[in-house]
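Asker: Could you slot chain B onto chain A? The hints should help.
Okay, here's what each chain looks like letter by letter:
Number of protein chains: 2
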Amino acid sequence: MEQHSNILKYKHLGIYTQNENVVYMRDDCLVCISEGFEALTRIRVAKVTRSIVASLNVINSDILLPNEIGLSDAAAKKLNVSPNDMLYVSHLEPIESLSHVRAKIYNQKLNYDAYNQIIKDIVEGDYSNIHLSAFITACAGDRMDIDEISDLTKAMIASGKQLNWNKEIVVDKHCIGGLPGNRTTPLVVAIVAAYGLTMPKTSSRAITSPAGTADTMEVLTNVALSADEIENVVNQEGGCFVWGGTAQLSPADDVLIKIEKALDIDSEGQLIASVLSKKAAAGSTHVVIDIPVGETAKVRSMEMAEKLKNHLENVGKAVGLKVKAIITDGSQPVGYGIGPTLEAIDILNVLKNEEDAPKDLKERVVLLAGELLELSGKVEKEKGMETAKEVLISGKAYEKFLAICKAQGRFTQPVLAPFKTEIRAETSGILKRIDNRKIAKLAKLSGAPQSKSAGISLNVHLNDKVEKDGLLYTLFAESQGELNYALEYKNRHNDIITIK
Amino acid sequence: MEQHSNILKYKHLGIYTQNENVVYMRDDCLVCISEGFEALTRIRVAKVTRSIVASLNVINSDILLPNEIGLSDAAAKKLNVSPNDMLYVSHLEPIESLSHVRAKIYNQKLNYDAYNQIIKDIVEGDYSNIHLSAFITACAGDRMDIDEISDLTKAMIASGKQLNWNKEIVVDKHCIGGLPGNRTTPLVVAIVAAYGLTMPKTSSRAITSPAGTADTMEVLTNVALSADEIENVVNQEGGCFVWGGTAQLSPADDVLIKIEKALDIDSEGQLIASVLSKKAAAGSTHVVIDIPVGETAKVRSMEMAEKLKNHLENVGKAVGLKVKAIITDGSQPVGYGIGPTLEAIDILNVLKNEEDAPKDLKERVVLLAGELLELSGKVEKEKGMETAKEVLISGKAYEKFLAICKAQGRFTQPVLAPFKTEIRAETSGILKRIDNRKIAKLAKLSGAPQSKSAGISLNVHLNDKVEKDGLLYTLFAESQGELNYALEYKNRHNDIITIK
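For the record, the sequence lines run as chains A and B.
Sequence positions in the first sequence follow the numbering used here and run 1 to 500.
Sequence positions in the second sequence follow the numbering used here and run 501 to 1000.
Same shape as in the complex, but just chain A (with noise of 0.2 Å):
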């Protein structure tokens, strides 16, 4: 039991792993034998002034020899070590708010101190995939009421960083997933912010979709912006568009988030804490939140939309956020676009109030802006619509959206993709269903969004009438491998389109 067996020497072996920290140790090394560390063993790891929380593999081979340790990336990164550095390992001391995780398993309710220490161990990175996957799991199937729900989404804020504008009322949207092209956000941005309201909006990438807003509209301008850089955007123009994954809002749930990626569940609980955490701890005060519904959108039904709605707003209250909740039609994809360039042609089209600018993405625009206007405060009720129209059509919406882009520090024209295909109707009838899901997955094969121009050009809707070989849509490539890859898909599957 001597103690400088504990100590060995880091080595780089470049493992990425996401978020799971893991410590990779020989078999034969002398602290695993005296320690009786074995695989999947949870073990601090410490330098001098800092110290993570690691699961052991064990290490067979000559990767490492037995004095050197090595740690996955997200290790290496959180303990911020250098090749040939000396780390301490030793046991880990329990991890206390486990006992929470476990009560809540065996179906006890939790109070805040204990979701806010959950969260708070979680951020340090001291629970594995296990621990998190188990976390996830006992807290989705209606197994939260509003008070837990609030209690965790308070604790999710204050797991990170919180903005503050120094503005009385500060407004956000969002929209709760599932709806292709639905590119309403970067149009929301402009009318409100034209208006004069303050709307710092950021946006994720694409996470399984075909683009995400970040996605799009890095087409038009830069989104990848310091916290500095975005201050200023929004102190100029009142509004801005950028991608929020430098910002450090409620890290827990970045990491939650990718555990309910991997297990295909998105709980009601854990989806109302993370959208409600990420919008409060960016400092906004009024939000509007859109929930559409359709039979292959993300919310299926009109009584779990109702639901739903009904507890945002509630626990939004519980946090001190002024939430409305819109439910919406989500049976078909919105607009003509499907992938970054194209979403950004629609944005562009409906900006300019082109004749052929997509009527459904302006309708859905005019509605969750003026919302967001009445929610305000600033535009008296049922006058919220009428004055978003007015913004949008008289060009000042236009006017902001191109200075919000020249202010982030360029604005660029979308170009189209150099390889396409398209596709017409094998019979003619009435267009019955679009099934959201796989028009999003062919999309993506043909390269959206890390091929900007990729994706999908409607060119029908629901209930549209369709003569034998009309056109449906056109594919877009960046190259011909791809669309071959797309067509492959489409090719495989009858039911994309459904024309009867």
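Do not take every clue at face value.
What the hints assert, rightly or not - DSSO-like mimics (lysine-lysine), calculated; alpha carbons at most 30 Å apart, straight line:
| hint | chain 1 | residue 1 | chain 2 | residue 2 |
| --- | --- | --- | --- | --- |
| 1 | A | Lys-109 | B | Lys-798 |
| 2 | B | Lys-609 | A | Lys-298 |
| 3 | A | Lys-261 | B | Lys-609 |
| 4 | A | Lys-109 | B | Lys-620 |
| 5 | B | Lys-620 | A | Lys-438 |
| 6 | B | Lys-578 | A | Lys-261 |
| 7 | B | Lys-761 | A | Lys-120 |
Unchecked claim - Each pair of labels, with its calculated beta carbon distance range:
| hint | chain 1 | residue 1 | chain 2 | residue 2 | range |
| --- | --- | --- | --- | --- | --- |
| 8 | A | Arg-437 | B | Asn-607 | 19 to 27 Å |
| 9 | A | Asn-111 | B | Asp-647 | 45 to 53 Å |
| 10 | A | Glu-124 | B | Asp-528 | 29 to 37 Å |
| 11 | A | Asn-463 | B | Leu-565 | 28 to 36 Å |
To be clear, the hints were calculated from the coordinates, so they are not data collected in a lab.
For each residue, glycine too, the CB sits at the ideal point set by N, CA and C.
Answerer: Below, chain B without anything else, positioned relative to chain A:
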């Protein structure tokens, strides 16, 4: 999208991750780029004749070349690969059974087919630790009814090998763990086999305790026998006490139990399915289950114990096992010894009817063996304990015990450890409490079960009158260092034994 980019050359990295299949590929390998693989993506990895599913860890150092691929040891073993084998990687088709896990997360009742698909995929290695943790959590907290526990048990039985002894009656016993020194199994085997019943007992090594039955028996005889050797011993002597580790009975349980350990939960449904599936797969027909109840035992209240008893017996019926569960006192350790050698000495003293044999161990053994004799129908009701006692007192059980040991390859006398310290009472009074968990931890720190002769020999039991400086227990170790390590723990905890 050329196919050959999906073929990579296997390199041995020697990374042991327990059961989890992990695949290592370079961030700049062509297939990662073209297929959009990223860390934690679930990937199918195939050789010509077989394939596995693994989670990706992305490598950005020279431990791999861009055209090479690595696997965790578990994955390499399942795929049976050798260095330079060419492996084909592809996107994973969706794992259908995860939809059942999601249904369970959302509180739906699952049927046999659903559990069967889940368990099959778990045994195949298709579930990541994230999925396994979600499944265990979703099944915990009283979320399974008797039908579901029965269906899960049946699915776990079907997932592995099943032994057949060609006997009408095959008896077994099991203890719902948590009580140090409770080493009744070998004694029960000796008694019922001496009486003429068949009891092919497989036991586990210690998971978190200072000794498993297999560790203890290994002091006295060989326990790592092949399936053929076990069959020979049982045919010759009617019983055995061997290690069950290589038997491949209920293999899903081996995977799930490691995740439960990481979560430190042992949910009722999984516990019942685990115990009964192992018994049924081992070919047992009549099983007595010991449920010790105590404040620091695994089962802490009579209410929990009654419920568990009820469920064990009912699920047993559903899967065709005659089960009798017995609730026993779990307030303190059983016998004197804690640790393999010290427990082996207790066993021999009971068999030899020694004056100083631990009475509590003897009473438990007579109770359990008696219940088993009655359950089998070979001894009439109310006569079991009397019969068991006769077999023990007569020396026939000791004779049978030695015969089984010899059939298993050797009988070795236990030898005490070279280093020891006596722990004495600091005050006089009545012994009010023994902390089962802490005394077990102390025995482990002294070196048990790796050091066979390490451990604790208790000199006192609950409610004993203790004089100041009277002997409480003796700590044994195989090195002075281990003895010191245990003593340090003892000195930091003054509530291992409470005298008032």
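Asker: Give a verdict on every hint.
Answerer: Status of the hints after comparison with the structure:
1. A/Lys-109 to B/Lys-798: Holds, because 23 Å separates the two Cα atoms, which is no more than 30 Å.
2. B/Lys-609 to A/Lys-298: Distance of about 23 Å is within 30 Å: holds.
3. A/Lys-261 to B/Lys-609: Since the Cα atoms of A/Lys-261 and B/Lys-609 sit roughly 23 Å apart, the hinted pair holds (cutoff 30 Å).
4. A/Lys-109 to B/Lys-620: violated, 34 Å
5. B/Lys-620 to A/Lys-438: holds, 29 Å
6. B/Lys-578 to A/Lys-261: The hint holds at about 27 Å.
7. B/Lys-761 to A/Lys-120: Holds, because 23 Å separates the two Cα atoms, which is no more than 30 Å.
8. A/Arg-437 to B/Asn-607: 19 to 27 Å: holds, 25 Å
9. A/Asn-111 to B/Asp-647: 45 to 53 Å: violated, 35 Å
10. A/Glu-124 to B/Asp-528: 29 to 37 Å: holds, 32 Å
11. A/Asn-463 to B/Leu-565: 28 to 36 Å: violated, 55 Å
Violated hints, listed in ascending order, are 4, 9 and 11; each of the other numbered hints is respected by the structure.
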